[in-house]
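Starting from the structure of chain A, add chain V where the hints point.
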Amino acid sequence: MTIALETQNLEKQFGGLRVTRDLSLKIEQGARHALIGPNGAGKTTVINQLTGVLKPNSGRILLEGQDITDLAVHKRVLRGLSRTFQINQLYPDLTPLETIGLAVSERLGHGGDWWRRMGTRSDVNGEIADLLTRFHLLDVMNEQTVTLPYGKQRLLEIAVAIAAKPRVLLLDEPAAGVPESERHDILAVVGSLPRDVTVLLIEHDMDLVFSFADRISVLVSGALLTEGPPDQVARDPQVKAVYLGEEAVNV
Amino acid sequence: MNAASDVGFHAQRQARWHYGEVAFWLIVLACGFVFPTRYLIMTDILRLALFAMSLDLILGYAGIVSLGHAAFFGVGAYAAGLLALHGIINEPVLALIVAGLAAMVLGFATSFLVIRGVDLTRLMVTLGIALLLEALAERFSNITGGTDGLQGIEMQPIFGEISFDMFGKTGFFYSLAVLFVLFLFARRVVHSPFGLSLRAIKNNPLRAAAIGIPVNRRLIAIYTLAAFYAGIAGALFTQTTAIASLDVFAFDRSADLMLVLVIGGTGYLYGGLIGAVIFRMLQEVFATITPQYWQFWIGLVLVVIVLVGRQRLHRWVLYVPNLVIKQFAGRKAVVAVPESDA
Numbered sequence: 001m002t003i004a005l006e007t008q009n010l011e012k013q014f015g016g017l018r019v020t021r022d023l024s025l026k027i028e029q030g031a032r033h034a035l036i037g038p039n040g041a042g043k044t045t046v047i048n049q050l051t052g053v054l055k056p057n058s059g060r061i062l063l064e065g066q067d068i069t070d071l072a073v074h075k076r077v078l079r080g081l082s083r084t085f086q087i088n089q090l091y092p093d094l095t096p097l098e099t100i101g102l103a104v105s106e107r108l109g110h111g112g113d114w115w116r117r118m119g120t121r122s123d124v125n126g127e128i129a130d131l132l133t134r135f136h137l138l139d140v141m142n143e144q145t146v147t148l149p150y151g152k153q154r155l156l157e158i159a160v161a162i163a164a165k166p167r168v169l170l171l172d173e174p175a176a177g178v179p180e181s182e183r184h185d186i187l188a189v190v191g192s193l194p195r196d197v198t199v200l201l202i203e204h205d206m207d208l209v210f211s212f213a214d215r216i217s218v219l220v221s222g223a224l225l226t227e228g229p230p231d232q233v234a235r236d237p238q239v240k241a242v243y244l245g246e247e248a249v250n251v
Numbered sequence: 001m002n003a004a005s006d007v008g009f010h011a012q013r014q015a016r017w018h019y020g021e022v023a024f025w026l027i028v029l030a031c032g033f034v035f036p037t038r039y040l041i042m043t044d045i046l047r048l049a050l051f052a053m054s055l056d057l058i059l060g061y062a063g064i065v066s067l068g069h070a071a072f073f074g075v076g077a078y079a080a081g082l083l084a085l086h087g088i089i090n091e092p093v094l095a096l097i098v099a100g101l102a103a104m105v106l107g108f109a110t111s112f113l114v115i116r117g118v119d120l121t122r123l124m125v126t127l128g129i130a131l132l133l134e135a136l137a138e139r140f141s142n143i144t145g146g147t148d149g150l151q152g153i154e155m156q157p158i159f160g161e162i163s164f165d166m167f168g169k170t171g172f173f174y175s176l177a178v179l180f181v182l183f184l185f186a187r188r189v190v191h192s193p194f195g196l197s198l199r200a201i202k203n204n205p206l207r208a209a210a211i212g213i214p215v216n217r218r219l220i221a222i223y224t225l226a227a228f229y230a231g232i233a234g235a236l237f238t239q240t241t242a243i244a245s246l247d248v249f250a251f252d253r254s255a256d257l258m259l260v261l262v263i264g265g266t267g268y269l270y271g272g273l274i275g276a277v278i279f280r281m282l283q284e285v286f287a288t289i290t291p292q293y294w295q296f297w298i299g300l301v302l303v304v305i306v307l308v309g310r311q312r313l314h315r316w317v318l319y320v321p322n323l324v325i326k327q328f329a330g331r332k333a334v335v336a337v338p339e340s341d342a
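Chains as they are written, first to last, in my numbering: chain A, 1 to 251; chain V, 1 to 342.
Do not rely on the hints blindly, as some may be mistaken.
What the hints assert, rightly or not - Stretch-level coverage of chain A by chain V, calculated; a stretch enters the list once three of its residues show a Cβ under 8 Å from a Cβ in chain V: (1) 5 to 18; (2) 100 to 112; (3) 117 to 129; (4) 135 to 149.
Claimed, not checked - Below, a sample of chain V positions facing chain A; criterion: calculated Cβ distance under 7 Å: (5) A3; (6) A15; (7) A135; (8) P193; (9) N204.
Treat the hints as calculated values from the structure; they're not laboratory data. Backbone N, C-alpha and C define an ideal beta-carbon position, used for all residues, glycine too.
Isolated chain A (complex conformation):
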């Protein structure tokens, strides 16, 4: 099996606080890998290092075997590493059409094109239309993002990440804050991602994790507690202790 994304002895400190401790992860090509852990375990900090928002104090990050530790955020995206955010990071003034159009243009290398008007490239338009349809955003494509209902914004958040045609996709709590009625759309979209896209899922919702992931890593206080297939992790007494508290230990 080839390794899509790998960290080697990753270490991150905020002042005296070690938020990532000697973390070595291997995510296989095409895997549905989940990273779980209690609040404050440092999951989002890991994602931020993987995507380049934060720089690790030491350790290395490899994308498909190549060292990307010192690469700028936007360059990692162009190499096929894309993410969604736990809290929506969208453009309030822009429409879904513009938001996705921009992501597609950037990926195809037309982003710096300052002379040709938006909407005049049929290949870009086709892709935008595809994504808008797939994510049920076609009917609101001309609305300002800030005016969209939360569920739609969440779909847009994921659509933007997909628009970059990632080979490795990092999903940071994709269903967080989405009302029950709109959850189904999100889960369906996440479930229908093509198999050749490697997915690293960060999630609190255990139902989602166990229905989706084929491998789980458990992060506690910035360090890797255990890793394995879902049923093994579910049976692990250490994991139970962390998740269910002392009661479980006493049992």
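Just chain V, lined up with the frame of chain A:
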């Protein structure tokens, strides 16, 4: 692909010319024929409009605040003055472009300082650069003429054919042509993927980087382009007034520009143009009523604008024109209303 062509149609929605825009430019052109005694003030408004459009490019689209935009105006002004005074380039249009390029070089060099940091740092850095240049211009008086400024500039005919006249008619139409050409260019740029990426950066730089936009490079590019525009505005100033003095770098000039954009709005290119007209007219009106205290009234107007909200004011002002347009063309808006209340 029905949806794809639909997407293409809507993606170009903003880039299409609106009736209101055509009307706007026709009215501006008509002013040149209707008010033959007012060329000087109208030329002044055109220069201010171009200068404000330059700030709008970085403020309204990329979200870069600046209190020192006069730096580029000043460099353009002195460059044009020196070129004409020493007869280095006698043809005004060519000199204009060279002066703009000089400002552009400065813009590129200083962009690296400006793109770092947050709004407050940017305000300070831009302000500092303008003050620095003003001091330099004063210090090297052998080149710039110091506090006396450049004197005795004589402008040669445009393309060697059209001479500047004493009523400012040539100056007006020349400035209008320059403004219009640069407006068309800016309009093209802001509706390109590049222009859209600037708005994305302004909205959310974190996400912009996360979809692969090289944020710093884009900011450097637009800042450099804006410097070119400001330089051209400065060069027009020298060419149409035949003077260049230290006040081209003055803080007032940069600050006025902010006021113009507060009045006109940002992020739709017309803000600087409309703002320049209103700002100068208010100045004129208040100066005739109370020559000493006109600034008080300008201040009051600004406070009202901020309190009432520009979008509401726009709606009131455009109420009648919108009604007419709706009746005749079945369309919604006459002039694009700014998207954000920046």
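We went through each hint and held it up to the structure:
1. 5 to 18: violated (count 0)
2. 100 to 112: Coverage by chain V holds here, the residue count being 9 at a Cβ distance below 8 Å.
3. 117 to 129: With 9 residues close enough to chain V, the hint holds.
4. 135 to 149: holds (count 4)
5. A3: At about 4 Å, which falls below the 7 Å cut-off, the nearest Cβ of chain A leaves the hint on A3 (chain V) intact, so it holds.
6. A15: holds, 5 Å
7. A135: violated, 35 Å
8. P193: Check passed: Cβ of P193 (chain V) comes within 4 Å of chain A, closer than 7 Å.
9. N204: holds, 5 Å
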